[in-house]
Amino acid sequence: MGALSIRNVKKSFGNTHILKGIDLEIEKGQFLILVGPSGCGKSTLLNMIAGLDDITSGEIAIGDRVVNKLSPKDRDIAMVFQSYALYPNMTVRKNIAFGLDIRKVPKPEQEEIIARVAKTLQIEHLLDRKPMQLSGGQRQRVAMGRALARNPTLFLFDEPLSNLDAKLRVEMRSEIKLLHQRLGTTIVYVTHDQIEAMTLGDRIAVMKDGEVRQFGSPQQIYDAPADLYVAGFIGSPSMNFIPVQLREEDGHAVVELDNGRAVQKVRLSPISDSQRAFVGKQVVLGIRPEQLTDPESAHSEHGNLQTLQATVAITEPTGPDTLVTVTFNGIKTVARCHPRAAGAPGQQVELTLDPTKALLFDPTSEKRLA
Amino acid sequence: MADYQQSLQAKLIRFGIYAVLVLMALWYLAPLYVMLSTSFKTLDEIRAGNLLSLPGTFSLDAWSAAWSTACTGVECGGMKSYFANSLKMMIPAVLISTLVGAFNGYILSMWRFKGSDMFFMALLIGTFLPFQVVILPMAQVLGWLQLENSTGRLVLVHVIYGLQFTTLFFRNYYVTVPGELVKAARIDGAGFFRIFFKILLPISVPTIMVCLIWQTTQIWNDYLFGVVFSSGEGQPMTVALNNLVNTSTGVKQYNVDMAAAIIAALPTLLVYMVGGKYFVRGLTAGAVKG
Chain B
0 MGALSIRNVK
10 KSFGNTHILK
20 GIDLEIEKGQ
30 FLILVGPSGC
40 GKSTLLNMIA
50 GLDDITSGEI
60 AIGDRVVNKL
70 SPKDRDIAMV
80 FQSYALYPNM
90 TVRKNIAFGL
100 DIRKVPKPEQ
110 EEIIARVAKT
120 LQIEHLLDRK
130 PMQLSGGQRQ
140 RVAMGRALAR
150 NPTLFLFDEP
160 LSNLDAKLRV
170 EMRSEIKLLH
180 QRLGTTIVYV
190 THDQIEAMTL
200 GDRIAVMKDG
210 EVRQFGSPQQ
220 IYDAPADLYV
230 AGFIGSPSMN
240 FIPVQLREED
250 GHAVVELDNG
260 RAVQKVRLSP
270 ISDSQRAFVG
280 KQVVLGIRPE
290 QLTDPESAHS
300 EHGNLQTLQA
310 TVAITEPTGP
320 DTLVTVTFNG
330 IKTVARCHPR
340 AAGAPGQQVE
350 LTLDPTKALL
360 FDPTSEKRLA
Chain C
0 MADYQQSLQA
10 KLIRFGIYAV
20 LVLMALWYLA
30 PLYVMLSTSF
40 KTLDEIRAGN
50 LLSLPGTFSL
60 DAWSAAWSTA
70 CTGVECGGMK
80 SYFANSLKMM
90 IPAVLISTLV
100 GAFNGYILSM
110 WRFKGSDMFF
120 MALLIGTFLP
130 FQVVILPMAQ
140 VLGWLQLENS
150 TGRLVLVHVI
160 YGLQFTTLFF
170 RNYYVTVPGE
180 LVKAARIDGA
190 GFFRIFFKIL
200 LPISVPTIMV
210 CLIWQTTQIW
220 NDYLFGVVFS
230 SGEGQPMTVA
240 LNNLVNTSTG
250 VKQYNVDMAA
260 AIIAALPTLL
270 VYMVGGKYFV
280 RGLTAGAVKG
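Residue numbers (numbering that gives the first Met the number 0), protein chains in the order written: chain B, 0 to 369; chain C, 0 to 289.
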């Protein structure tokens with residue numbers, strides 16, 4: 000029995016279908032990320048879990064309780080909002096106590112809870128201030144404190160870091176992760192930021208247009224994306240997609256890459272049955288920038304790295320590595336190289352490609368050819 | 000040299016601007032000055048004289064006459080009972096219309112229902128209806144209700160007529176309040192009324208002030224509803240003032256008229272002085288992101 004089960008949940012307004020049948024299940028203590036572009040339905044799904052939006056059809060269960068008909072306060076959840084939603088007229092202490100008051104928790108016990116939560120989040124010195132007098136990061140902590148005070152079975156986070164500046168966001172991100180590890184609570188976390196999704200999640204559901212495109216662990220989603228959308232959404236800089244014609248040689252998938260001067264043959268992994276069906280047809284070759292790199296930085300578990308020649312169009316130093324843009328089959332392709340081996344625009348560079356990590360996609364259905 | 004010329008020119012322009020502003024201020028203050036100085040003069044002095052001169056002998060007789068002995072028609076009890084009438088009408092009408100308006104605004108912004116926007120539009124049209132249009136149907140409704148008491152009738156009329164304004168003010172304020180606040184409160188377990196009284200109403204002080212000032216001014220200054228829907232001893236201040244000034248028997252007592260008019264205007268002046276800064280703040284609330 001999972002901590003949260005979402006079974007064929009749909010949401011429609013008239014003929015507009017916001018969610019088209021979502022199935023997700025997580026275990027107690029897991030950190031679930033709902034990630035996707037704006038308008039994909041991730042916040043709607045979160046609101047439905049919270050009970051703030053009605054469910055058109057399907058079933059949501061928290062623990063072993065179906066909560067479809069329960070009001071938010073009876074679902075044993077707590078939620079942290081993007082705007083923090085602190086009550087502006089109350090001090091931090093009262094903000095945290097508000098929910099406890101309504102639940103008729105006795106005063107001495109309230110004091111204990113507030114003290115514990117304040118200590119956990121290091122907001123003891125802020126308890127008598129009003130939200131107006133707090134900085135963004137402090138408000139964020141208070142909002143989490145309010146959620147923690149209730150000690151619910153399920154925490155819901157709705158893009159909690161979006162309003163913070165970049166540095167604070169990274170800090171709070173690792174703090175949320177630490178908090179989760181320490182408290183072992185079950186969390187559902189909505190974000191549009193794929194880096195947050197990768198760093199925080201135990202399980203990630205990548206959503207688009209009201210559907211879950213892929214549900215799995217961060218590494219699964221990164222290494223074996225289900226389709227072109229997921230492959231392009233997760234990872235920064237995003238995966239290169241190069242149109243190629245698929246051939247088979249000695250049981251291996253083989254494609255050709257044209258760098259503008261010469262056509263180079265690339266030998267990929269042993270061909271699978273689903274790939275064999277596309278032999279002689281156009282497919283999309285997906286390579287992440289770090290799998291296309293200079294020979295010095297390259298490494299592979301299998302050793303059969305493929306070497307390619309290419310002409311540098313642009314170089315973008317990021318510090319630790321330099322992003323080198325080259326052209327294959329007329330498509331701009333980004334390689335992640337060691338700064339020393341990056342070359343200069345117009346120069347020829349040698350790149351190596353890790354064939355075990357290269358992916359092939361069906362260009363019409365956009366599914367990965369496993 | 001050029002700098003000097005430019006600064007002289009700038010100074011001249013500035014002087015011109017201030018001169019115009021001072022003149023305008025004097026122009027607008029002149030009636031108030033005439034009213035005040037006349038109210039402190041004796042009748043003899045008024046007859047003798049210069050409208051703009053200061054009172055020679057400072058006399059409060061006109062004020063006490065206006066307050067307690069002046070004749071409005073056949074009654075000669077001054078303005079005091081009508082002043083009380085107006086207060087008895089204004090205070091409940093202002094409080095009720097403000098509270099109900101806040102409640103309406105809360106529902107129309109945070110608990111939208113099917114057709115709530117239509118409802119709000121209809122309410123908005125209400126703000127454009129002139130008093131005259133309302134009189135006949137209102138008289139009919141008051142007849143059906145068989146509400147005899149003048150003050151009670153006026154309270155009802157002013158609450159109903161004021162609701163569209165107070166609702167508009169509160170609704171426009173509450174749409175700027177993030178809806179997540181209500182969601183958070185719902186998850187905390189707060190219900191419909193608790194969210195309103197514990198969270199939204201306490202943060203609406205500027206809007207409450209706007210409504211109080213607006214409604215106080217509207218209701219206190221209203222003449223038309225007062226003259227139509229009240230009678231005799233139940234009439235509000237404005238109607239009594241009209242009766243006092245238009246009493247055609249005897250000598251025209253300008254000093255008493257002026258004193259009575261100032262008494263009639265005092266409460267609204269007071270409200271503006273106390274709450275004026277909130278008024279501007281409330282009207283612009285949400286217009287600029289704080």
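Source of the hints: derived by calculation from the structure; they are not laboratory data.
Every residue, glycine too, gets a C-beta built ideally from N, C-alpha and C.
Treat the hints with caution; some may be incorrect.
Said to hold, decoys possible - These stretches of chain B come out as covered by chain C in the derived footprint (C-beta under 8 Å, 3 or more residues):
{"#": "1", "stretch": "97-111"}
{"#": "2", "stretch": "235-243"}
Stated by the list, open to error - Incomplete in silico selection of chain B near chain C, CB under 8 Å:
{"#": "3", "residue": "Leu-51"}
{"#": "4", "residue": "Pro-71"}
{"#": "5", "residue": "Lys-72"}
{"#": "6", "residue": "Thr-90"}
{"#": "7", "residue": "Ala-276"}
{"#": "8", "residue": "Phe-277"}
{"#": "9", "residue": "Gln-281"}
Claimed, not checked - Residues of chain C placed beyond 10 Å of chain B at every Cβ, according to the derived structure:
{"#": "10", "residue": "Val-19"}
{"#": "11", "residue": "Thr-56"}
{"#": "12", "residue": "Leu-59"}
{"#": "13", "residue": "Ile-90"}
{"#": "14", "residue": "Leu-123"}
{"#": "15", "residue": "Leu-155"}
{"#": "16", "residue": "Thr-175"}
{"#": "17", "residue": "Pro-177"}
{"#": "18", "residue": "Glu-179"}
{"#": "19", "residue": "Ala-189"}
{"#": "20", "residue": "Thr-237"}
{"#": "21", "residue": "Asn-242"}
{"#": "22", "residue": "Val-250"}
{"#": "23", "residue": "Ile-261"}
{"#": "24", "residue": "Val-279"}
{"#": "25", "residue": "Arg-280"}
These are the hints, each one checked on the structure:
Using a Cβ-Cβ cut-off of 8 Å, 4 residues of the stretch 97-111 of chain B lie near chain C, which meets the minimum of three, so the contact claim holds. Counting residues of the stretch 235-243 of chain B whose C-beta sits closer than 8 Å to any C-beta of chain C gives 0, which falls short of three, so the coverage hint is violated. The interface hint given for Leu-51/B is met, as the beta carbon of that residue sits about 5 Å from the closest beta carbon of chain C, less than 8 Å. This hint holds: Pro-71/B has a C-beta 5 Å from the nearest C-beta of chain C, less than the 8 Å allowed.
A hinted interface residue such as Lys-72/B counts as satisfied when its beta carbon comes closer than 8 Å to some beta carbon of chain C; here the least separation is about 4 Å, so the hint holds. Against a cut-off of 8 Å between C-beta atoms, the interface hint on Thr-90/B is violated, since the closest Cβ of chain C lies about 12 Å away. Residue-level restraint check for Ala-276/B is violated (minimum Cβ-Cβ distance to chain C is 49 Å; threshold 8 Å). Annotation: Phe-277/B was flagged as interfacial toward chain C, and the flag is violated, the nearest CB pair being 48 Å apart, outside 8 Å.
About 47 Å separates the beta-carbon of Gln-281/B from the nearest beta-carbon of chain C, more than 8 Å, and the hint is not met. Every Cβ of chain B is farther than 10 Å from the Cβ of Val-19/C; the closest lies at roughly 41 Å, confirming the non-interface assignment. For Thr-56/C, the shortest C-beta to C-beta distance to chain B comes to about 55 Å, beyond the 10 Å cut-off, and the non-interface label holds. Look at Leu-59/C: its CB is around 47 Å from the nearest CB on chain B, clear of 10 Å, so calling it non-interface holds up.
The claim that Ile-90/C is not at the interface with chain B holds, since no C-beta of that chain comes within 10 Å of its own (minimum 26 Å). Remark: the non-interface label on Leu-123/C is consistent with the geometry, its nearest Cβ contact in chain B lying 26 Å away (cut-off 10 Å). No beta-carbon of chain B comes within 10 Å of the beta-carbon of Leu-155/C; the shortest separation is about 33 Å. Non-interface status of Thr-175/C relative to chain B is upheld: no Cβ of that chain comes within 10 Å, the nearest being about 12 Å off.
Here Pro-177/C does not stay apart from chain B, with its beta-carbon only about 5 Å from theirs, under the 10 Å limit. Not every Cβ of chain B is farther than 10 Å from the Cβ of Glu-179/C; the closest lies at roughly 4 Å, contradicting the non-interface assignment. A beta-carbon of chain B comes within 10 Å of the beta-carbon of Ala-189/C; the shortest separation is about 6 Å. Listed as a non-interface residue, Thr-237/C keeps its Cβ farther than 10 Å from every Cβ of chain B; the least gap is roughly 38 Å.
At roughly 47 Å, the least C-beta separation between Asn-242/C and chain B is larger than 10 Å, which holds for a residue marked as non-interface. For Val-250/C, the non-interface assignment is confirmed: its Cβ lies about 59 Å from the closest Cβ of chain B, beyond the 10 Å cut-off. Consistency note on Ile-261/C: stated as away from chain B, and its beta-carbon is indeed over 10 Å from all of that chain's, at 39 Å minimum. Interface exclusion of Val-279/C from chain B stands, the closest Cβ pair being 20 Å apart, more than 10 Å.
Against the 10 Å criterion, Arg-280/C stays outside the reach of chain B, whose nearest CB is about 15 Å from its own CB.
The structure is inconsistent with the numbered hints 2, 6, 7, 8, 9, 17, 18, 19, although it conforms to all the rest.
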